[in-house]
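Given next are the chains, with one letter for each unit.
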Amino acid sequence: MDLQTMTYLVVGASFALYIGIAFWARASTTGEFYVAGKGIHPVSNGMATAADWMSAASFISMAGLIAFNGYGASVFLMGWTGGYVLLAMLLAPYLRKFGKFTVPEFIGDRYYSRTARIVAVICLILASVTYVIGQMKGIGVAFSRFLETDYDTGLFIGMGIVFIYAVMGGMKGITYTQIAQYCVLIFAYTVPAIFISMNITGVPLPQLGLGANMADGSMTMLDKLDLVVTDLGFKEYTTQVLGSQLNMFAYTLSLMIGTAGLPHVIIRFFTVPKVRDARASAGWALVFIAILYTTAPAVGAMARLNLMETIQTGPVGEVTANLAYEDRPQWFKNWETTGLLQFEDKNGDGRIQYYNDKNEEFAERAAAYGWQGNEMVKVDRDIMVLANPEIANLPNWVIALVVAGGLAAALSTAAGLLLAIASSISHDLLKGVFAPNISEKNELMAGRIAMAGAIALAGYFGLHPPDFAAGTVAIAFGLAASSIFPALMMGIFNKRANRAGAIWGMISGIGVTMLYVFQHKGIMFIPGTEFLGSMEPNWFLGISPNAFGAVGAIVNFAVAITVSKLTAPPPEHIQHLVEDIRVPSGAGAATGH
Amino acid sequence: MSDRASYWKANIRLVSICLVIWFIVSFGLGILFVEQMNAFSLGGYKLGFWFAQQGSIYTFVALIFFYAWRMNKLDRQYNVHEG
Numbered sequence: 001m002d003l004q005t006m007t008y009l010v011v012g013a014s015f016a017l018y019i020g021i022a023f024w025a026r027a028s029t030t031g032e033f034y035v036a037g038k039g040i041h042p043v044s045n046g047m048a049t050a051a052d053w054m055s056a057a058s059f060i061s062m063a064g065l066i067a068f069n070g071y072g073a074s075v076f077l078m079g080w081t082g083g084y085v086l087l088a089m090l091l092a093p094y095l096r097k098f099g100k101f102t103v104p105e106f107i108g109d110r111y112y113s114r115t116a117r118i119v120a121v122i123c124l125i126l127a128s129v130t131y132v133i134g135q136m137k138g139i140g141v142a143f144s145r146f147l148e149t150d151y152d153t154g155l156f157i158g159m160g161i162v163f164i165y166a167v168m169g170g171m172k173g174i175t176y177t178q179i180a181q182y183c184v185l186i187f188a189y190t191v192p193a194i195f196i197s198m199n200i201t202g203v204p205l206p207q208l209g210l211g212a213n214m215a216d217g218s219m220t221m222l223d224k225l226d227l228v229v230t231d232l233g234f235k236e237y238t239t240q241v242l243g244s245q246l247n248m249f250a251y252t253l254s255l256m257i258g259t260a261g262l263p264h265v266i267i268r269f270f271t272v273p274k275v276r277d278a279r280a281s282a283g284w285a286l287v288f289i290a291i292l293y294t295t296a297p298a299v300g301a302m303a304r305l306n307l308m309e310t311i312q313t314g315p316v317g318e319v320t321a322n323l324a325y326e327d328r329p330q331w332f333k334n335w336e337t338t339g340l341l342q343f344e345d346k347n348g349d350g351r352i353q354y355y356n357d358k359n360e361e362f363a364e365r366a367a368a369y370g371w372q373g374n375e376m377v378k379v380d381r382d383i384m385v386l387a388n389p390e391i392a393n394l395p396n397w398v399i400a401l402v403v404a405g406g407l408a409a410a411l412s413t414a415a416g417l418l419l420a421i422a423s424s425i426s427h428d429l430l431k432g433v434f435a436p437n438i439s440e441k442n443e444l445m446a447g448r449i450a451m452a453g454a455i456a457l458a459g460y461f462g463l464h465p466p467d468f469a470a471g472t473v474a475i476a477f478g479l480a481a482s483s484i485f486p487a488l489m490m491g492i493f494n495k496r497a498n499r500a501g502a503i504w505g506m507i508s509g510i511g512v513t514m515l516y517v518f519q520h521k522g523i524m525f526i527p528g529t530e531f532l533g534s535m536e537p538n539w540f541l542g543i544s545p546n547a548f549g550a551v552g553a554i555v556n557f558a559v560a561i562t563v564s565k566l567t568a569p570p571p572e573h574i575q576h577l578v579e580d581i582r583v584p585s586g587a588g589a590a591t592g593h
Numbered sequence: 001m002s003d004r005a006s007y008w009k010a011n012i013r014l015v016s017i018c019l020v021i022w023f024i025v026s027f028g029l030g031i032l033f034v035e036q037m038n039a040f041s042l043g044g045y046k047l048g049f050w051f052a053q054q055g056s057i058y059t060f061v062a063l064i065f066f067y068a069w070r071m072n073k074l075d076r077q078y079n080v081h082e083g
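Heads up: the protein sequence lines correspond to chains Z and P, in order. Under our numbering, the residues of the first sequence are numbered 1 to 593, in order. Under our numbering, the residues of the second sequence are numbered 1 to 83, in order.
Just so you know, these hints were derived from the structure itself, not from any lab. Just so it is clear, the structure is predicted and the values come from calculations on it, not from any experiment. Errors might be hidden in some of the hints.
Stretch by stretch, here's where chain P covers chain Z in the computed footprint (C-beta under 8 Å, at least three residues) [stated by the list, open to error]: (1) 208 to 219; (2) 244 to 254; (3) 283 to 291.
Even glycine gets a Cβ: it sits at the ideal position worked out from N, Cα and C.
Please build the complete structure, drawing on both the sequences and the hints.
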């Protein structure tokens, strides 16, 4: 069977499964719509959270970033896992004890203020919509490449699928669908990784293969990779930093805090039966996430090695050691047609030279070989995971599976975020503030309309994507880190934090972050700056816009603490509320009414 | 001191210990002291590189389960567990 038919078949079957589950488990009450009636076991909840969490950025983008940034890309690995430690210890059990449906609801009650609740809703929507735009882009790219449609059509198909199961299913449908999606995506990610690790090192487990010897026993895989890349003037793989040490520090911190501040992840911990389950759930979620996150470094490193050795087949400088353009493998041709991989025969020798022509010392040596610049002029990082099985000559069903996995990752995250957006509009704004007497049926309807609206908005931005998927996603984390997380954490750990402190903290935190992002990326992300591009001298202390959420969070904490000190302490009953949240006993089922 | 207050104090102590470890394995060994750590190796990994791309993640998982286990014990010890 050819690849195209196989892809249709595998993707179609997985979608039929998701839609079937969503239909079977569709929500009938608001409680089920938002939190699945609290009947979800911690392990199942952990698996669904993992699918919810791992988006196109994790599945499609991250290993490619690792391949080209080596050690520097560790910020994504540590940042997108370390946040769960903060979540488990600082937020999840207490928010579960509080027992309401949404994050703004907690902020509104804890800071005894409708204004605080509305500010939280706005911050939450800004972060979530930014995140969904990134997912929509990933969905559009994956569909258009493998279903051989143009990008716009791919995007519309994706929007339709997201609409059907997110809008019909609600949280109960989403939870079960996401369990299925986790299984599909983790299988799709690890199978090619195991094959490739076997090929290169003879060790099946990618986590061990990355630290193992080459199959020929000559040296370790990482030493070999360091040698191969430095031979062509690139930075040493295992030590190259992303910007600077400070930038890496801020980047990691921003992603960690953002993880613990993103509403679609926090909301998962409202769905477990007990406080103790909330603690364990975070652990299980991280177990399922870690399976992919510890595999990704091997996928990235081995893809880089395969790519380098495909082009540079022998000693650097020998004429015949460079791949002749005519002999390039099929996957080069496939990706060239998408425009995401481009060659330019600068010295007209009919062979491909791929090296770092920005390294002056090496460029001089290259000139002596008759090389006139790097000829692989474009290699989009986002193609590496999708191309990986083709690079390693794996069977067609594996390639089809990777497509299905990438779509599962993007769709599940988009659905979870849309639910968070829907609940904040229908539950927090309508029921909580503007129309307290709204009937349950109408609230549910408003939630579905809000979802449809958010899909349309994200789709619109997805048609004119502001950045790579991962760049947009990192900004979404910065926004969440600088607004939601500090307000939640102080609400639990600082009894003195009051209404004015929380409101001004959130506004100044997200304000500083957005100003900085817009300053360097253009208002509403009008393009011009590159994700992971060269260092800009005008960056504040060399911190990139994608990493600036860490600074925003610090500003938020500082403003909130100062303002709280200068204004009246919270009323007596709020202090009792905080004391009550801090102990697990007496936790009932969540109520929103 | 009341039960609740000492429960909270014990909780803060536990969380502080866990977060110190969380900070050391990621920001410490993986970023700030990565060069010093890279002088050592673990299998075919440079140790600092290993912490940044593998070790920190394993530690995070272990930390959360350790925390959950200790907290469940504290809940019962101070009699604040759920019914």
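Results for each hint:
no. : hint       : result
1   : 208 to 219 : holds (count 5)
2   : 244 to 254 : holds (count 5)
3   : 283 to 291 : holds (count 4)
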